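> Sequence:
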Amino acid sequence: MAKLSRPRNDRWIAGVCSGLARRFGTSSLTMRVLFLLSCLLPGPQFLIYLAIWIMVPNEERHPAHV
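When you line the sequence shown up against UniProt numbering, it's residues 1 to 66, in that order.
Not one of these hints is a red herring.
Derived CB-CB ranges, DEER-like: (1) F24 x I54: 15 to 25 angstroms; (2) N9 x P42: 31 to 41 angstroms; (3) Q45 x S5: 17 to 27 angstroms; (4) V33 x M55: 21 to 31 angstroms.
Since the hints were made in silico from the structure, they are not lab data.
The model shown is predicted, which means the values in this text are computed figures rather than measured ones.
All C-beta atoms in this analysis are idealised placements derived from N, C-alpha and C, irrespective of residue type, glycine included.
Start from the sequences, fold in the hints, and give me the full structure.
Listed below in structure tokens is the structure:
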């Protein structure tokens, strides 16, 4: 499994769904659909999304090869 980080590309809002998709080996579209469907259920999904956004770092930039 990949390290959990928010990618610099493939973002829609904050990269949370893309980061989780990479971590669990699924597509970012699948993760986004699952998140949207989970919002139809009662619970703190949006607060968890915000917490992940705050706590999970951005993907590290790799220095350009010279």
